[in-house]
Amino acid sequence: MSENERNAGYIKDVENAKNKRYKSLLRGIVSALIVLVSLYLLQRLLVPKYVDDVVEGAFIAEYYGEEKDFDVIFIGDCEVYENFSPAMLWEQYGINSYIRGSAQQYIWQSYYLLEDTLRYETPDVVVFNVLSLQYDKAQREAYNRMTLEGMEWSAAKVKSILASMREEENFLDYVFPILRYHTRWSGLSGTDLEYMFDTKPVSHNGYYMRVDVKAAQDVPQGRILADYSFGEKAWDYLDRMRELCAKEGIELVLIKAPSLYPYWYPEWEEQVEEYAFAHGLRYINFLELGEETGIDYATDTYDGGLHMNLSGAEKLSAYFGSMLSEELGVPDRRKETELSSRWEEKLAAYEAEKQEQYRYYGMQP
Amino acid sequence: MLFTSYAFLGFVAVLFLLYYIVPRRWQWGLLLGASYLFYALAGTEYLAYILVTTVTVYYTALRIERNADRQTGYLKEHKNELTKEEKKAYKDRQKSIRLRWILAGLLLNLGILAVVKYTNFAIANLNGLLHAFGKGESRQLSFLDLALPLGISFYTFQALGYLIDVYRGTVRAQRNFFRFALFVSFFPQLVQGPISRFGDLSQTLYAEHAFDKKTFSFGLQRILWGYFKKLVIADRMLVGVNALIGDPEAYQGAWVLVGMFFYACELYADFTGGIDITIGIAQTLGITLQENFERPFFSRSLKEYWRRWHITMGTWFRDYIFYPISVCKFMQKFNKACRRYLGEAVGKRLPVYLSSFVVWFATGIWHGASWNFIVWGLGNWAVLMVSETLEPLYDRFHQRFGAGGKAYRLFEVVRTFLLVSALRTFDCYRSVPVTFRMFGTLFTARNWNILWDGSLLGLGLSLLDYGILAVGVLMLVSVSLLQRHGSVRERIFAKPYPLRFVLWYGLFLTVLLMGAYGVGYDASQFIYNQF
Amino acid sequence: MMKKVYRKMQGKRVAALLAAAMVLAAGCGQAEKTVEGSVENIQSADRSDGTEGEAGQAENGDSGQDAAQSSEVQQGQAPEAASGATDGYFFTSNGVAIVIDADAAPIIEKLGEPASYFEAASCAFEGLDKMYTYAGFEVDTYPTGENDYISTVILKDDSVATGEGVVIGDSLEKVQEVYPEGNQQENGTIVCEKGGMKLCFIMENDTVKAIEYRSTVLE
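So the protein sequences, as listed, match chains A, B and C.
Each residue of the first sequence is one higher than the one before, counting from 890 in this note's numbering.
Each residue of the second sequence is one higher than the one before, counting from -8 in this note's numbering.
Each residue of the third sequence is one higher than the one before, counting from 325 in this note's numbering.
Some hints could be false.
[To be verified] Below, a list of computed lysine to any residue pairs in the SDA-like style, where the Cα atoms sit at most 25 Å apart:
| id | chain 1 | residue 1 | chain 2 | residue 2 |
| --- | --- | --- | --- | --- |
| 1 | C | K533 | A | E1158 |
| 2 | C | K434 | A | A1237 |
| 3 | C | K518 | B | K486 |
| 4 | B | K486 | A | L922 |
| 5 | C | K480 | A | G1193 |
| 6 | A | K1026 | C | Q509 |
| 7 | B | K205 | A | A921 |
| 8 | C | K454 | A | L922 |
| 9 | A | K1122 | C | G419 |
| 10 | B | K205 | A | K1122 |
| 11 | C | K498 | A | V903 |
[As the list claims (entries may be wrong)] Some residues of chain B that are not near chain A, with every Cβ distance over 10 Å (derived):
| id | residue |
| --- | --- |
| 12 | M(-8) |
| 13 | W17 |
| 14 | S87 |
| 15 | I103 |
| 16 | Q194 |
| 17 | A198 |
| 18 | R286 |
| 19 | K320 |
| 20 | E335 |
| 21 | R387 |
| 22 | L494 |
Worth flagging that the hints you see were computed from the coordinates, not collected in a lab.
Glycine included, C-beta positions come from ideal geometry on N, C-alpha and C.
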């Protein structure tokens, strides 16, 4: 073998080894890509879409699609998102508001949603419904999910998850929801495919509309409790909420929605009144304002007194709106053309759903 | 930290990374640190137990070996000065010193095991006796609140095996305390075995391991297969098993058979899956652990089954209990006496029965401090002894009817499976009277229709679950069949990359999607039906 | 080869002792007769500390079940005691046993027309929690699948008593005497856990103020 031939052979070996390395590297990259993409697609497919049955799970996420310059932000549980209508507040008072509510939203979740909201905007007024003061720890993983999953990733979300997790839950399940929903493959429907990357609006600025009627009757008294005092954690987060609002120059208004059930104990009322008085906060208990708001429990609730229907929510909004604009000076922004045109679209959707529901329930508007 | 927790996966992932980053001479030290961290995470109050065992066994072994070395040296030195008698007397003296040391080591450690594991069982029995013999309101002893330290049966046995080996001179004592501590506490095998021998494990445990892609990926593959068995099959099947044993009154007759079958599958998938994860983790670290199973359900007799199921436990009992008892002085005397008084045929069997009895009693109680385990152990003993005694009869039968064909072998395998499963119902119901009663209902309940009338769907398993289980069990059987001809992973490794990728990634997705893990699988799952 | 090793070995006595030690430690040697009694004893002991059978399982040689058992996989199981049989405490009204976690329909039917009825939808979920009020007591249910199950029975006044004879207004001493297993919690409530349910006595000034039978399924 000549020197040249030997060299050529050597070069060939080196090239072969190089090729092999390239090939193996390429193989690795392609495999990793396939794994990542397929896992991402699977995750998108498997997570609940909350567009049909349990739409409450989609409320929190909807906020991020908005132009965020609201003057009033509601935070709290179903007692805010079923009882107040931002559309009404706009129509009557030109108040630009949004409800960041979700099912059984715990007070620490409300607090972190406030932190989250402040990343984008600083409203004039924050309205918090006090029912959730009764909880000192999360009651159901499902409710945690519906509140937390919709949040965009931020320090507030991480803190909220950590504050909410029940014993059986795992932080990693929030980071990779596929781990939580991995069993859903057997119950997938067309909706899961349709809304894999997309969603549809399910609320009206966070308001959940219901037009049907079920009169309240035989609402039971609350059970006797061993201890009526709110827990430390609940108080702590109310303090933090108050301090944050004070720091940001936001007026914090505490409310108790006029829901007859779950029962609102006089002992609870007393504690909230004392707190509000001690810190100079405005506290409105709508349960005591039946005459002023005109709520009629025979016609204004859709589930026997738990939540307001459209009629109840609009009555409540009409009353509260006047308070917001007259007493708290929330501006009337109906003259802002861009905002008005945005609201025009929203009002149209609001109206359309109203009609749709009247038809569905066979009712006269 | 459960094998099936995210924390464990994270723990292992970090360990893998560090293991191949740190200088290789630190690798075993890292493992020791990891093992103690693993142990401490289970409960820092347990650390004292494992430390006591480690220290006492370490020290005892050293004393014994030093004595033996001194004896050898002395005898060598004075080879020509000592008479035969003097040598013997010297040897006996030294031997009794060693004996005292090992007895101290054994009794202390078995004592700890006995106290934490069996005290409440003993109290319960004592209370039973007090109640039986006392008049009316007899005094009852209260139970002790003793937590069972993680893996105490396993590490105690492993350490004592080492001690006996050193005593016998089959292994040299480990002089480095920390290395020895790693042998006792090596975390993957701490929870459920295998019970390693020092002679085997020390070969790879302390060695320096370079990263080897193939070994590493084979280890990962084994771990994945283990998780498949555990999460997809065992934990899914557990739903059915729990339903059946949770309400024995409601599930009688044919249900008992269903339970037997379910429990056999569940236990196999759970235990072998756990061992796969253990051995796989060790393999990714370059450490070879002993196999604990050899396709046990293909056994043709109970005897063979016990050679192939939980192998390291079986051999431990054989080497450290059965053989020594069989050849001890008392047994030899007993043997002679039996032969003299009962004749050769019966006489030579009795000592075997006795030694085996002790072994099976110990096996039973080792599994758990309750009578059902003891009865289970002795049930195995009885069957084994009967079949051993009748062996000549079987042989004649086989010869006469030429029973050796495939069909007959299959029959034997099925028979053994049924026998094993039947014995295991003691483990299943965890109560001796309930087990006997349930067996009785097999003949009285006459509810065979539950097998096909849809009742099976009432156990908390859907049709889909049954489908997954059927495919899963089929996969287990197929892999076992393939394993008879060599390593399945090697065979897959020889295939082209895309095929390998699809196979392993497919298995990963199966575990990810069909594994019974996470919040959706807890007791309140029904709440989430509406998602 | 094994045999060779063993012939060489010197520790026969040791091993025999080892075996004997194991046997002794186990407290063996009892007559067959005591087997049954002992088993029951162990079971009741297990139950009383709420770790049924775990003494033997916590680290289990054969089954390696610690992991499996503690993962608590029990998905999709309908509540127990649907048949009406229960290990727990239950309240009886006019001969109708109201068993926690039992299928509600037959019980509600037997109880007859309630004085009042209320149903509450839980936020965001379909299905209703139902509350039936009768003279002196209230029965609440929760939905699972197609059926409702008893979640709570609340005794409202002293016209009704627990199965063991405690009524509202009784003293702390009486409750402790009748329910020695009850645990008093920080807030004063005495909780008796049995058969997967809780019987709670809410106390005020050492007097029973309310009595509730509660399911633990929803906790």
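Verification of the supplied hints:
1. Using a Cα cut-off of 25 Å, the hinted pair K533(C) and E1158(A) holds, with the two alpha carbons roughly 21 Å apart.
2. Under the criterion of a C-alpha separation no larger than 25 Å, the hint pairing K434(C) with A1237(A) is inconsistent with the structure, at around 52 Å.
3. A threshold of 25 Å between alpha carbons decides the hint, and for K518(C) with K486(B) the separation of about 58 Å lies outside it, so the pair is violated.
4. Simply put, K486(B) and L922(A) have alpha-carbon atoms about 21 Å apart, close enough for the 25 Å limit, and the pair holds.
5. Distance check on the hinted pair: K480(C) and G1193(A) sit about 23 Å apart at the alpha-carbon level, within 25 Å; holds.
6. A hinted pair counts as satisfied when its Cα atoms are at most 25 Å apart, and K1026(A) with Q509(C) qualifies at roughly 18 Å.
7. For the hint pairing K205(B) with A921(A), the CA-to-CA distance comes to about 18 Å; that is within 25 Å, so the pair holds.
8. Straight-line distance between C-alpha atoms of K454(C) and L922(A) comes to about 52 Å, which puts the hinted pair past the 25 Å bound.
9. This hinted pair does not check out: K1122(A) and G419(C) have alpha carbons roughly 45 Å apart, beyond 25 Å.
10. For the given pair, K205(B) sits about 52 Å from K1122(A) by alpha-carbon distance, which is inconsistent with the 25 Å threshold.
11. Taken as a hint, the K498(C) and V903(A) pair is broken in the structure, with Cα atoms around 92 Å apart against an allowance of 25 Å.
12. Taking the minimum C-beta to C-beta distance to chain A, about 13 Å, the non-interface status of M(-8)(B) holds against the 10 Å cut.
13. Non-interface call for W17(B) relative to chain A: holds, since the shortest CB-CB distance, roughly 28 Å, exceeds 10 Å.
14. Annotated as non-interface, S87(B) keeps its C-beta farther than 10 Å from every C-beta of chain A; the closest such distance is 56 Å.
15. With a least beta-carbon separation of about 32 Å from chain A, I103(B) lies farther than 10 Å from that chain, consistent with its non-interface assignment.
16. Every CB of chain A lies more than 10 Å from the CB of Q194(B), the least distance being 32 Å, so the non-interface label holds.
17. Every Cβ of chain A is farther than 10 Å from the Cβ of A198(B); the closest lies at roughly 28 Å, confirming the non-interface assignment.
18. Distance check for R286(B) against chain A: the nearest CB is about 30 Å away, which clears 10 Å, and the non-interface claim stands.
19. For K320(B), the non-interface assignment is confirmed: its Cβ lies about 57 Å from the closest Cβ of chain A, beyond the 10 Å cut-off.
20. Here E335(B) stays apart from chain A, with its beta-carbon at least about 65 Å from theirs, past the 10 Å limit.
21. No Cβ of chain A approaches the Cβ of R387(B) within 10 Å, the least distance being about 55 Å, so the stated non-interface status holds.
22. For L494(B), the shortest C-beta to C-beta distance to chain A comes to about 13 Å, beyond the 10 Å cut-off, and the non-interface label holds.
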